[in-house]
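S.K.: The primary structure of each chain is shown beneath.
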Amino acid sequence: MDDDLVFKALADPSRRLLLDRLFERDGRTLGELESQLEMTRFGVMKHLKVLEQAGLVVPRRQGREKLHFLNPVPIRQIHDRWIDKYRAHEVSALLDLKTSLEDSA
Amino acid sequence: MTTMTANTTQVYQLYIRATPEQVWDAITNPETIARYFHGAQIDPGPLEVGAPRRSWSPDRTQLWGDNTILECDPPRRYVHTWRSLYDAEMAAEDESRVTWEIEPAEGGTSRLTLIHDRLEGAPKTAASVVGWTYILSNLKTLLETGEPFAAAE
Chain A
1 MDDDLVFKAL
11 ADPSRRLLLD
21 RLFERDGRTL
31 GELESQLEMT
41 RFGVMKHLKV
51 LEQAGLVVPR
61 RQGREKLHFL
71 NPVPIRQIHD
81 RWIDKYRAHE
91 VSALLDLKTS
101 LEDSA
Chain B
1 MTTMTANTTQ
11 VYQLYIRATP
21 EQVWDAITNP
31 ETIARYFHGA
41 QIDPGPLEVG
51 APRRSWSPDR
61 TQLWGDNTIL
71 ECDPPRRYVH
81 TWRSLYDAEM
91 AAEDESRVTW
101 EIEPAEGGTS
111 RLTLIHDRLE
121 GAPKTAASVV
131 GWTYILSNLK
141 TLLETGEPFA
151 AAE
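Protein sequences, first through last, are from chains A and B.
Just so we're aligned: the first sequence equals residues 1 to 105 in this note's numbering.
Just so we're aligned: the second sequence equals residues 1 to 153 in this note's numbering.
Okay, chain A solo, but in the shape it has when bound (with noise of 0.2 Å):
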């Protein structure tokens, strides 16, 4: 997984909306994601496109149809690398602020 793809992919509200989307419902075709944003069928096939090249959305053929699913793996990825590292490095800081606070009082 490309790092800077994820971070691009998810940079745009319209993308995040998207994926919030098929977070409530999964598996659903380009004109089914049309019919629920007011955007353009080029703008949601675009911003599809570039979800599906950082991985955040796999489309796969159901029959005639093309189903978009999201793919919460780069997220979990994006989470296990950015987030759990500095959430425990800020309850750590908040704590040795209270302790500052507390012994200074």
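Hints listed in this document are in silico derivations from the structure and should not be mistaken for laboratory results.
Certain hints may be false.
To be verified - Label pairs and their computed distance ranges (CB to CB):
#  : chain 1 : residue 1 : chain 2 : residue 2 : range
1  : B       : A127      : A       : R60       : 32 to 42 Å
2  : A       : R60       : B       : T68       : 36 to 46 Å
3  : B       : G107      : A       : R16       : 22 to 32 Å
4  : A       : L94       : B       : A51       : 46 to 56 Å
5  : A       : R61       : B       : P104      : 18 to 28 Å
6  : B       : A127      : A       : L101      : 49 to 59 Å
7  : B       : A34       : A       : A11       : 31 to 41 Å
8  : B       : E106      : A       : R87       : 41 to 51 Å
9  : A       : E52       : B       : D73       : 44 to 54 Å
10 : A       : L101      : B       : T61       : 43 to 53 Å
11 : B       : T68       : A       : K98       : 46 to 56 Å
12 : B       : P44       : A       : E52       : 31 to 41 Å
13 : B       : A34       : A       : I78       : 20 to 30 Å
14 : B       : T61       : A       : L37       : 30 to 40 Å
Stated by the list, open to error - Here chain B is said to cover these stretches of chain A; the calculated rule only asks that three of the stretch's residues, wherever they fall, bring their Cβ under 8 Å from a Cβ of chain B:
#  : segment
15 : 67 to 74
16 : 93 to 102
Glycine included, each C-beta is placed from N, C-alpha and C at the ideal position.
Take the given structure of chain A and dock chain B to it, following the hints.
M.R.: Below, chain B alone, put in the same frame as chain A:
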């Protein structure tokens, strides 16, 4: 936590720096599975359609899954039934299905796609299977570094 029902087809995909044969071994070899899947112990047995795929807790006292192989096409496609027996409510739900697809990809990697579907009659299981992200990340780390990132739980 929302009241929304979980999706009945869920797709998980990742790229692993390994050959399709190595990924195939990782998803079918009981010794490897134990290293990234909560220490699960899979009964050794033939990899063929109709054969059982039985998994136990690390100490082999609790049956975690008593599933059946539905398709077996090494090193590309492996399909088996799924029912979580470690939880009474999930054990009472309908059987669902897990499909593993392995495809060679660019740069000496393999693309692994896991589809967990037929979850219509298994809402509690459907809400829990996002845990595949943890399992698959662990599998990737094991194949790429030789060690899982977390000790087996």
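S.K.: If a hint holds in the structure, say so; if it doesn't, say that too.
M.R.: Status of each hint after checking the structure:
no. : hint                        : in the structure
1   : B:A127 - A:R60: 32 to 42 Å  : violated (21 Å)
2   : A:R60 - B:T68: 36 to 46 Å   : violated (24 Å)
3   : B:G107 - A:R16: 22 to 32 Å  : holds (29 Å)
4   : A:L94 - B:A51: 46 to 56 Å   : holds (53 Å)
5   : A:R61 - B:P104: 18 to 28 Å  : holds (19 Å)
6   : B:A127 - A:L101: 49 to 59 Å : violated (41 Å)
7   : B:A34 - A:A11: 31 to 41 Å   : holds (40 Å)
8   : B:E106 - A:R87: 41 to 51 Å  : violated (33 Å)
9   : A:E52 - B:D73: 44 to 54 Å   : violated (26 Å)
10  : A:L101 - B:T61: 43 to 53 Å  : holds (49 Å)
11  : B:T68 - A:K98: 46 to 56 Å   : holds (55 Å)
12  : B:P44 - A:E52: 31 to 41 Å   : holds (39 Å)
13  : B:A34 - A:I78: 20 to 30 Å   : holds (28 Å)
14  : B:T61 - A:L37: 30 to 40 Å   : violated (51 Å)
15  : 67 to 74                    : holds (count 6)
16  : 93 to 102                   : violated (count 0)
The earlier numbered hints that this structure contradicts are 1, 2, 6, 8, 9, 14 and 16.
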